[in-house]
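Peer 1: In case you want the letters, here they are:
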Amino acid sequence: MPRALSRDGWGGLAILAASLFLFALTLELKDSPLVPIGPGFYPRIVLGLTALLSLWLLIFDFYSKKTESKEKEQLNYRLVALMFAQFGLYCALLPFLGFRISTALYVAAANALLDPPVRGKGGAKGWVRVLLLALLTAFLTHLVFERYLSVLLPRGRWTDF
Amino acid sequence: MFELLGAGIANILQFKYLVPLFVGTLIGVVGGALPGITITMTIIVVLPFTFGLEPLQGLAAMIGVYVGGETGGLITSCLLGIPGKPSAVATTFDGFPMSKKGEPGRALWLGIWASIFGGLLGAVFLVATTGPLARIALQFGPWEFFALFVLALSMVAGLVEASLAKGLVAGALGMIVTILGNDPVMGQKRLTLGIPMLEGGIDFLPVLIGVFAFAQIMSEVERMGGAHQAIEAVDRGVTLAVSHMKVIREILSRPFLLLWSTFIGLVIGVLPAIGGSAANMLAYDQAKKFSRHPEKFGTGTPEGIIASESSNNANVAGSLVTIMAFGIPGDAVTAVMLGALTIHGIQSGPLFITQNATLAYGMFAAYIVAHALVLAILLPGVRWMLCIVDIPKATLFPVVLVLCTIGAYALSNTMSNVYVLLAFGLVGYGMVKFGFPLAPFILGVILGDQIEINLIRAIMTDSDPWLFLTRPISGSLIALSVASLGFSIWQHHRQRAKAVAHVEADF
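Protein chains in written order, with this note's numbering: chain A, 1 to 161; chain B, 1001 to 1507.
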């Protein structure tokens, strides 16, 4: 008896669509006269296989019995989205502000987000913790990697720092 | 072999190698003891620190993390009932009840000593088999390598806990990552989607770091700010004093249990990407089945602790065999090690041990010495390890993500790897939410290139596709792949039938 799709089905559908799209792109790849196997040979096998497997997942999900989960755990997706957004912003700012400034800003923001200083930690003390963690992380990682391990970290285009 | 091992041990005992090995082991013990921080995460954090080191220094640090992490995980398992890592889950079943019965020191040290014995027995296997297995692999042509990589991928996809279809789809998705960029024969651009960053292909390390770090951190973050945060208060007044001779006798008086659990750990370690979490559960289950008093399991019996802990440390040796003999990572931790080797320009695989004998035997030695260092750390410091569960995750996670960023950036000193890290962080978290296993995905990313290269090499050498089946080793490996998938299908059907029967019985 067909039912509505579950997350497996939606996952299978998304992967099927993506693999068919990429498969179509491989048809534009031109074979070389120098070698018997063109650049599209292996991608077509992989993408065709992926399409078949995701179709299997989709069909299996469509015809399988779905059981209602008894109790759904309350998960904080807002916090996850904000963490990703903060990290995305960090990645965007790194080439402009440089490693030290953007890392200090990111660590402060992420720490304040995960453990807000105003809630339960006694305001000013919490902000001091946030500031200390941010500055220490930026300073120590820069010192260890650039000075002792010869690993170059990004310099800021705007700050040259 | 013994001469080379002796030289390796003498080499690793030099100050310049011993320091990174000790620091790695210490970080591993701490990371292993921290609930919610896996060994994979710990080794990802350590990775950027190894870039500026010599290959053996870096690998010694990583082996230290691996061995230390496997042992460190049992501390919170035994004393708090919270497994420090997935491969210490079974230790909790008997370690924590034994602690609650008033024997926390016995529970803890039974686990630590069993880890040491299991690990050292694993070392015998590691040293004795890696060379011969690599010599067998040297006989392989492209057909055999293709079949071997396909076998590895099919086994991983089939043995993961999620559905077989999801395991296979995850593996295929990993392989898709490797087809973006240049083709390996003519270097022609393919499937770059007009994104210049994709033209050179995607390095597997930022993918691996992104997938594992974000999947784990975000899975913890989504539980923050709610009722999940409460951690049982640690009783620091608890006495951990114990007679070590008595504990050692208690373990050695059960030789079959120790050997069988070690064997299980080794076999699971050799199989690609299954890892210690399966090894400790399987060894625990076997110990219970072979026991004269299975009813005592779960109430604080020493057999449960010995089985679980000896198997998860032996698992490390098994994983190292696979990566050193075949270049196939046994799990995510060895996948990071593979990346570290690549960064230093060292090719893993069958030629590794002959071309880099000093490095290979240095790694064996690091594995053996790391066990002694675990003891050196835990004998005086086991009580301090209890304090680390107090480290707030709000402090830990931003710092870990900064280290991941450094790890990705430093691979080529370009921001593109940082963007790959972020993109695959989203992919990894999405995969977890949709229930796709990460292990086959990562193996697909690592082996995808090699599968393509060997497939093309085989066809360009001889266009007859039947050679994949008619060459004895290649044919056997492909038959094993099919058998592995068949077994997985049968196993999943059996589990589903059991679940249906259970639901009907409940009803």
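Rather than coming from a laboratory, the hints here were simulated on the basis of the structure. Where a beta carbon is used, it is the ideal one built from N, C-alpha and C, also for glycine. Heads up, some of the hints might be wrong.
[As the list claims (entries may be wrong)] Derived CB-CB ranges, DEER-like:
(1) A:63 - B:1465: 50 to 60 Å
(2) A:18 - B:1479: 26 to 36 Å
(3) B:1457 - A:33: 16 to 26 Å
(4) B:1391 - A:85: 22 to 32 Å
(5) B:1372 - A:21: 49 to 59 Å
(6) B:1380 - A:64: 51 to 61 Å
(7) B:1457 - A:135: 17 to 27 Å
(8) A:152 - B:1194: 27 to 37 Å
Peer 1: Does each hint hold? Answer for all of them.
Peer 2: Here's how the hints hold up against the structure:
Roughly 34 Å separates the CB atoms of residue 63 of chain A and residue 1465 of chain B, a value that falls outside the hinted 50 to 60 Å. Checked against the hint of 26 to 36 Å, the pair residue 18 of chain A and residue 1479 of chain B passes, with Cβ atoms roughly 32 Å apart. Between residue 1457 of chain B and residue 33 of chain A the Cβ separation comes to about 19 Å, which falls inside the hinted range of 16 to 26 Å. For residue 1391 of chain B and residue 85 of chain A, the Cβ-Cβ distance of about 25 Å falls inside the hinted range of 22 to 32 Å, so the restraint holds.
Distance hint for residue 1372 of chain B and residue 21 of chain A: a CB-CB separation of about 55 Å, consistent with the stated range 49 to 59 Å. Range check, residue 1380 of chain B to residue 64 of chain A: Cβ separation about 55 Å, and the 51 to 61 Å hint holds. About 53 Å separates the C-beta atoms of residue 1457 of chain B and residue 135 of chain A, a value inconsistent with the hinted range of 17 to 27 Å. For residue 152 of chain A and residue 1194 of chain B, the hinted distance range of 27 to 37 Å is satisfied, since their beta carbons lie about 30 Å from each other.
When held up to the earlier numbered hints, the structure conflicts with 1, 7 and fits the remainder.
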